[in-house]
Each structure stands twice: as C-alpha cells, then as structure tokens.
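Chemist: Turn these sequences into a full structure, and let the hints steer you where they fit.
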Amino acid sequence: MGWQKPAIALTARLVPFRSTAASSGRISEPGRFGPLCEGRHAMGRNGTSVARVLTLTRTDPSAMGLALEEAGRIAQAGGVLAVPTESFYALGASVGCAARQVEAIGRVCRIKGRGDGKPLLVLIADHAQLDSLVASVPRAATVLMQQFWPGPLTIVFPAAEGLPDELTAGTGTVGIRLSAYPLLQEVLRRTGPLTGTSANRSGAPPARTAEEVDQAVGDEVDMILDGGPTPAARPSTVVDVSGAVRVLREGPIASAQILAVLAEAGLASSL
Numbered sequence: 002m003g004w005q006k007p008a009i010a011l012t013a014r015l016v017p018f019r020s021t022a023a024s025s026g027r028i029s030e031p032g033r034f035g036p037l038c039e040g041r042h043a044m045g046r047n048g049t050s051v052a053r054v055l056t057l058t059r060t061d062p063s064a065m066g067l068a069l070e071e072a073g074r075i076a077q078a079g080g081v082l083a084v085p086t087e088s089f090y091a092l093g094a095s096v097g098c099a100a101r102q103v104e105a106i107g108r109v110c111r112i113k114g115r116g117d118g119k120p121l122l123v124l125i126a127d128h129a130q131l132d133s134l135v136a137s138v139p140r141a142a143t144v145l146m147q148q149f150w151p152g153p154l155t156i157v158f159p160a161a162e163g164l165p166d167e168l169t170a171g172t173g174t175v176g177i178r179l180s181a182y183p184l185l186q187e188v189l190r191r192t193g194p195l196t197g198t199s200a201n202r203s204g205a206p207p208a209r210t211a212e213e214v215d216q217a218v219g220d221e222v223d224m225i226l227d228g229g230p231t232p233a234a235r236p237s238t239v240v241d242v243s244g245a246v247r248v249l250r251e252g253p254i255a256s257a258q259i260l261a262v263l264a265e266a267g268l269a270s271s272l
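In our numbering, the protein residues as written are 2 to 272.
These are computed hints drawn from the structure, not numbers from a lab.
Here the structure is a predicted model, which is why all the values come from computation and not from measurement.
There's no promise every hint is true.
Label-pair distances were calculated between CB atoms; the ranges are [what the hints assert, rightly or not]:
1) A264 to R101: 24 to 32 Å
2) A266 to A99: 34 to 42 Å
3) G66 to A129: 17 to 25 Å
Quick reminder that beta carbons are idealized off the backbone N, C-alpha and C, glycines included.
Modeler: Here it is, written out as structure tokens:
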C-alpha cells in the first residue's frame with residue numbers, strides 16, 4: 002500500500018541550534034543550518050525564545066518540503082528530532098554505525114533518562130531502508146512483512162553487525178517497524194531510519210501533542226515536527242523472528258492473526 006500526503010495541517014517547530022553544556026550532547030554550532038524562512042517563535046518555560054514555528058498545509062508544499070529537508074539535514078548531522086507517529090510523538094535519531102549516529106542514539110537514551118538496558122525501536126519508510134539494519138531476513142519475517150507492512154507490526158530481526166549497543170541493548174537483535182502514518186513516512190524518506198522511542202522521560206506518559214513534547218523534553222531536542230494531536234493508536238504488536246517466532250507484545254494485530262498467516266505459509270509456530 003502506497004503512502005499519501007497528509008490531509009491535516011502540519012506545523013514544524015524548529016528549535017535553533019545553540020551552544021549548551023557538553024553534558025547535554027546537543028549539537029553546539031549555533032545557526033549551523035541557517036533559517037529556512039521567516040516564522041514566529043514559541044516561548045520556553047524560562048521566557049526565552051526557544052522554537053521557531055512554521056505552519057504548513059497541503060496548499061503550501063514548498064514550505065513543507067523545506068521543513069522536511071531541514072529535518073533530514075538535522076538527523077544526518079547527528080541531531081535528535083521529535084516526530085509524530087500513529088500512537089505518540091517519538092524521539093528520532095538517525096540509525097547507523099557512524100560516530101555521529103551512535104552519539105545521537107546515546108542522546109536519545111540520555112533524554113529519556115533510560116538506564117534499563119532496553120533496546121530501541123527503529124522506524125523505516127520502505128523495505129529498502131531495511132537492508133543496512135539486519136543481518137538476515139528469516140522467511141517468517143518475509144511472510145509477516147508481506148501481510149502486515151506498512152502497519153502496526155514491529156518485527157525483531159537479527160541485527161546487522163556494528164549497530165550500537167545503545168540501540169540493540171547487546172541482544173544481537175533489532176526491532177523495526179514500517180509505519181503506515183503518512184507524515185512519518187515523508188519524514189523518514191528524508192531522514193532515513195530513525196529511532197522510535199516515545200518522546201518523554203522514562204516512566205512519564207507519552208506525548209500526544211507537540212506542546213506536551215515541548216514541556217517534557219523541548220529543551221533537549223533539535224527539532225519538533227508538529228503534526229497536531231496523534232491518533233493515539235495502540236502500541237504496535239511486536240514479533241521476534243530472530244529464532245523461534247515469538248509474540249513479545251500483542252497490539253492491534255492479535256497473536257491468532259500472526260499464527261494464521263504463518264500457518265498458511267507452511268511455517269509452524271506455537272507462539
């Protein structure tokens with residue numbers, strides 16, 4: 002199923018690059034990318050101007066394209082984005098083995114306040130983005146991708162060699178989802194694969210609006226893409242295919258559906 006342009010009005014909240022303490026890990030080259038266009042600024046909790054706000058609609062594809070281009074440049078430079086998904090806003094860092102990508106993924110963990118050793122989900126825009134992330138694609142994964150992608154299914158694959166431990170938590174596996182959310186797909190086509198953990202502190206409720214992201218972690222991200230309130234869909238079903246197929250979390254796609262699809266393909270699974 003192909004993606005479509007979002008039908009809702011979109012707002013891109015561009016947080017300026019500015020020098021911060023080294024412990025924050027933020028990109029510290031003020032004005033590194035320069036302004037894309039004029040816009041109003043949101044006021045931070047300390048009363049200072051922290052975010053440039055651009056309102057984008059389908060009737061202004063040029064402005065939306067500029068914001069998406071900026072998101073891509075920020076991600077590839079090692080920045081951290083906050084992006085809307087079908088369930089909540091997520092912290093997005095570019096995924097890969099380059100030093101800037103490893104550092105960005107580490108920043109996501111620090112923003113979350115996460116020291117629990119849990120792996121991070123990866124979001125992709127299409128099947129081509131899968132290749133650099135996985136060591137192999139088991140047949141069960143192929144069957145499930147054909148049936149349920151794009152959609153609310155996270156598949157845990159054997160991880161490609163060299164992916165950082167901050168991403169895999171040393172498990173040798175990586176969870177990947179091809180989202181069906183139109184705006185997120187457009188972002189991912191510009192940025193490449195991104196982490197998809199929720200944009201909030203560990204233990205806090207996930208953010209459903211850009212304003213909630215701003216209140217929770219706005220001082221620590223480099224860009225907030227405001228697509229309005231998220232649909233608040235249930236978190237995705239998670240299936241591990243790195244060994245014997247296991248459903249790790251049941252979400253919109255029931256275990257019975259997974260089992261039926263695999264059985265039809267001649268793949269026995271007890272789940």
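Chemist: Which earlier hints turn out false for this structure, listed by number in ascending order?
Modeler: 1
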